[in-house]
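For the protein sequence lines, the chains are A and B, in the order given.
Going by the UniProt record's numbering, 80 is the number at position 80 of the first sequence; the sequence numbering is gapless.
Going by the UniProt record's numbering, 230 is the number at position 230 of the second sequence; the sequence numbering is gapless.
The hints are simulated quantities; they were obtained by calculation from the structure and are not laboratory data.
We treat Cβ as the ideally placed atom computed from N, Cα and C, and that holds for glycine.
Mixed in with the good hints, there may be bad ones.
As the list claims (entries may be wrong) - Sample of chain A residues facing chain B (criterion: CB under 7 Å; computed from the structure):
{"hint": "1", "residue": "Ala-69"}
{"hint": "2", "residue": "Asn-73"}
{"hint": "3", "residue": "Leu-99"}
{"hint": "4", "residue": "Pro-101"}
Said to hold, decoys possible - Residues of chain B placed beyond 10 Å of chain A at every Cβ, according to the derived structure:
{"hint": "5", "residue": "Thr-11"}
{"hint": "6", "residue": "Ser-49"}
{"hint": "7", "residue": "Pro-67"}
{"hint": "8", "residue": "Gln-108"}
{"hint": "9", "residue": "Gly-171"}
{"hint": "10", "residue": "Leu-191"}
{"hint": "11", "residue": "Ser-215"}
{"hint": "12", "residue": "Gly-271"}
{"hint": "13", "residue": "Ser-274"}
{"hint": "14", "residue": "Ile-288"}
{"hint": "15", "residue": "Asp-301"}
{"hint": "16", "residue": "Ile-304"}
{"hint": "17", "residue": "Thr-305"}
{"hint": "18", "residue": "Ile-356"}
{"hint": "19", "residue": "Gly-369"}
{"hint": "20", "residue": "Asp-376"}
Said to hold, decoys possible - Simulated restraints on C-beta separations:
{"hint": "21", "chain 1": "A", "residue 1": "Ser-165", "chain 2": "B", "residue 2": "Ser-8", "range": "36 to 42 Å"}
{"hint": "22", "chain 1": "A", "residue 1": "Arg-141", "chain 2": "B", "residue 2": "Glu-42", "range": "55 to 61 Å"}
{"hint": "23", "chain 1": "A", "residue 1": "Ala-186", "chain 2": "B", "residue 2": "Glu-257", "range": "42 to 48 Å"}
{"hint": "24", "chain 1": "A", "residue 1": "Ser-165", "chain 2": "B", "residue 2": "Ile-6", "range": "34 to 40 Å"}
{"hint": "25", "chain 1": "A", "residue 1": "Arg-197", "chain 2": "B", "residue 2": "Glu-35", "range": "31 to 37 Å"}
{"hint": "26", "chain 1": "B", "residue 1": "Glu-42", "chain 2": "A", "residue 2": "Gly-144", "range": "54 to 60 Å"}
{"hint": "27", "chain 1": "B", "residue 1": "Pro-258", "chain 2": "A", "residue 2": "Met-30", "range": "55 to 61 Å"}
{"hint": "28", "chain 1": "A", "residue 1": "Thr-189", "chain 2": "B", "residue 2": "Glu-164", "range": "53 to 59 Å"}
{"hint": "29", "chain 1": "B", "residue 1": "Thr-305", "chain 2": "A", "residue 2": "Ala-242", "range": "27 to 33 Å"}
{"hint": "30", "chain 1": "B", "residue 1": "Leu-226", "chain 2": "A", "residue 2": "Glu-133", "range": "46 to 52 Å"}
{"hint": "31", "chain 1": "B", "residue 1": "Ile-6", "chain 2": "A", "residue 2": "Arg-141", "range": "30 to 36 Å"}
{"hint": "32", "chain 1": "B", "residue 1": "Thr-167", "chain 2": "A", "residue 2": "Arg-141", "range": "42 to 48 Å"}
{"hint": "33", "chain 1": "A", "residue 1": "Ala-87", "chain 2": "B", "residue 2": "Glu-35", "range": "53 to 59 Å"}
{"hint": "34", "chain 1": "B", "residue 1": "Pro-258", "chain 2": "A", "residue 2": "Arg-197", "range": "51 to 57 Å"}
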Amino acid sequence: MNRIQTAFEQKQNLLNIYFTAGYPALTDTMPMAQALVAAGADMLEIGMPFSDPMADGPVIQHSSTLALANGMNMRTLFGQLGPLRAALPDTPVLLMGYLNPVLQFGMENFCREAAAAGVDGVILPDLPVAEYEEEYAATFRRHGLRPVFLITPQTSEARIRHLDSISEAFLYLVSGPGITGNVGPADTTVQDDYFRRIEAMGLKTPRLIGFGIADKASYQRACAHADGAIIGSALIQALEGAPDAPAAAAAFVASIKN
Amino acid sequence: MTPSAITSYRTPTARGYYGEFGGAFVPEMLFPNVEELRTQYEEILASESFRTEYEQLLRDYVGRPTPLFEAQRLSEKYNTRVFLKREDLCHTGAHKINNTVGQILLAQRLGKTRIIAETGAGQHGVATATVCALMGLPCVVYMGSVDIERQAPNVARMRLLGAEVRTATSGSQTLKDATNEAIRDWLANPLDTHYIIGSVVGPHPYPDLVARLQSVISEEMRKQLLEKTGSELPDYVVACVGGGSNAAGAFYHFLDEPSVQLVAVEAAGHGIHSGHSAATSVLGTPGIIHGSRTLLMQDADGQITEPYSISAGLDYPGIGPLHAWLGTTGRARFIAITDDEALAGVSECARLEGIIPALETAHALAALGQLGAGPDDVVVVNLSGRGDKDLETYMKNFDKLV
Numbered sequence: 001m002n003r004i005q006t007a008f009e010q011k012q013n014l015l016n017i018y019f020t021a022g023y024p025a026l027t028d029t030m031p032m033a034q035a036l037v038a039a040g041a042d043m044l045e046i047g048m049p050f051s052d053p054m055a056d057g058p059v060i061q062h063s064s065t066l067a068l069a070n071g072m073n074m075r076t077l078f079g080q081l082g083p084l085r086a087a088l089p090d091t092p093v094l095l096m097g098y099l100n101p102v103l104q105f106g107m108e109n110f111c112r113e114a115a116a117a118g119v120d121g122v123i124l125p126d127l128p129v130a131e132y133e134e135e136y137a138a139t140f141r142r143h144g145l146r147p148v149f150l151i152t153p154q155t156s157e158a159r160i161r162h163l164d165s166i167s168e169a170f171l172y173l174v175s176g177p178g179i180t181g182n183v184g185p186a187d188t189t190v191q192d193d194y195f196r197r198i199e200a201m202g203l204k205t206p207r208l209i210g211f212g213i214a215d216k217a218s219y220q221r222a223c224a225h226a227d228g229a230i231i232g233s234a235l236i237q238a239l240e241g242a243p244d245a246p247a248a249a250a251a252f253v254a255s256i257k258n
Numbered sequence: 001m002t003p004s005a006i007t008s009y010r011t012p013t014a015r016g017y018y019g020e021f022g023g024a025f026v027p028e029m030l031f032p033n034v035e036e037l038r039t040q041y042e043e044i045l046a047s048e049s050f051r052t053e054y055e056q057l058l059r060d061y062v063g064r065p066t067p068l069f070e071a072q073r074l075s076e077k078y079n080t081r082v083f084l085k086r087e088d089l090c091h092t093g094a095h096k097i098n099n100t101v102g103q104i105l106l107a108q109r110l111g112k113t114r115i116i117a118e119t120g121a122g123q124h125g126v127a128t129a130t131v132c133a134l135m136g137l138p139c140v141v142y143m144g145s146v147d148i149e150r151q152a153p154n155v156a157r158m159r160l161l162g163a164e165v166r167t168a169t170s171g172s173q174t175l176k177d178a179t180n181e182a183i184r185d186w187l188a189n190p191l192d193t194h195y196i197i198g199s200v201v202g203p204h205p206y207p208d209l210v211a212r213l214q215s216v217i218s219e220e221m222r223k224q225l226l227e228k229t230g231s232e233l234p235d236y237v238v239a240c241v242g243g244g245s246n247a248a249g250a251f252y253h254f255l256d257e258p259s260v261q262l263v264a265v266e267a268a269g270h271g272i273h274s275g276h277s278a279a280t281s282v283l284g285t286p287g288i289i290h291g292s293r294t295l296l297m298q299d300a301d302g303q304i305t306e307p308y309s310i311s312a313g314l315d316y317p318g319i320g321p322l323h324a325w326l327g328t329t330g331r332a333r334f335i336a337i338t339d340d341e342a343l344a345g346v347s348e349c350a351r352l353e354g355i356i357p358a359l360e361t362a363h364a365l366a367a368l369g370q371l372g373a374g375p376d377d378v379v380v381v382n383l384s385g386r387g388d389k390d391l392e393t394y395m396k397n398f399d400k401l402v
């Protein structure tokens, strides 16, 4: 059993927090992770910054631009992740990013280094499922890395069943159309119907809801329909201008969890 | 695939691959949209209702066929037979409208009620705004803030046509970033919106879709060449390449005619290795941009770098996957032309032929001296657009023009 599966077995209402590696400062990855976990984050999704993050809104793109300007890259990140894993032996850690930097690093190298640094799962939104299965599934498996697949309101039932059958981590339910950092809809009827539809499918894989989860209320609503939620942009926004980023991150998590 | 094993350069595989280039690397949020398009575009394009309406609009609205003009004085200067395919005479002043007419008819048949587009030089934005006005569909065009400034007349045109022009302020604030913003809009509006991509870039089926809609250019060239030279086949076809839509259209019906030399002209900016260039075939390496695996300009970490060209239509960090394939297999020859050479090409065409070309097109014209064409060779340059939109740049650089 991997750390992700263990977490879902032992906990309910999981809070997965996304933050961009190397933001606000290059060396913040470790203190951010420790502060988030101490404050109650159950899982960490660490963003590998990319110049052209097409599924992300302005908040995460801006943090990525600054992280890149700080000098963050894959090699540096892997160097930071080893000690991070030693400090947080039980917390599931996922890497989130886009395919191009991973391909330039080399998929084999990437998987090997990620596994060696104690990474549990990987989210690459622009890696199509079919491409993953044909080209990279064997590499992921060999290194014990779990891919996380996205589901949207438009994903067909057959496709959801297929994704469920090949998942060993969790399914990432995108809450609605759009990019990260959008606020959720005022009228949640359509969204609730979608969440309920997926809930009723009896999938074997746990589900986390992301996109548009920004505060305690939206977190709790997500938890009512899934195994937990993912928060990213709202956390990044809470860091802006904060004199002590890890402290601000901890305060943000506390505001969700307490 | 070795070049000898290639049976046709024209058609990608079912998954949208041209050799190792192409594919559809899109997030799950875009999967249904792209899949809808992929499963339906061929049938719609082949349908009689589409063909009839497309051909009628190209004739009566766009003004096709565009002339193939034998440029006597350019021919004399370069000691070869130069023909200009006058896409600059299309309605809205460039070849871009061939694609937007086709895609809006496609969008209607897919039941879409809202159109989005990206634009660099503004020609594709204007061509999209134009067909949206014609069909009564709301239109949002994304454009980098740098381009909004240097292509002000086209911004005014789009607004006059009723389109909303939205500023892309991220990254280099040019075409790449406008494309990112358009993709984000599509992610947010997956059901009612069709994204009219302006070049042979993006996820499959866009490169093939846009190439087919632009292929009317080379279809007409063959007929016109037969009339004027006695042969459908020229010795050279020359076109500029940013993403590569006019080149794809000009090459299309010659791709599988090995006697025809295809010449793709890129923007070298201040010089290929100056650090300020958009010469993707030289500076690019395989990677993924805007949903397609192709040659693109990136650093060692896979971050996409900012291209540069004086021309707003050529400073794209990638090229269409078809062109990446034509380049790596050697089917097409790539030439890079600097800003200054392009400006010289503008004045040469203006003064020798009485035609003021667009800055993008001027790169193709400036390659005439590098072809090595002989006196009996027939060279067709795709005159992709007219230069009205660039007058301000021309006036600023008047010393380099004269």
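Hints violated by the structure (numbers, ascending): 1, 9, 10, 14, 15, 16, 17, 22, 23, 25, 26, 28, 33
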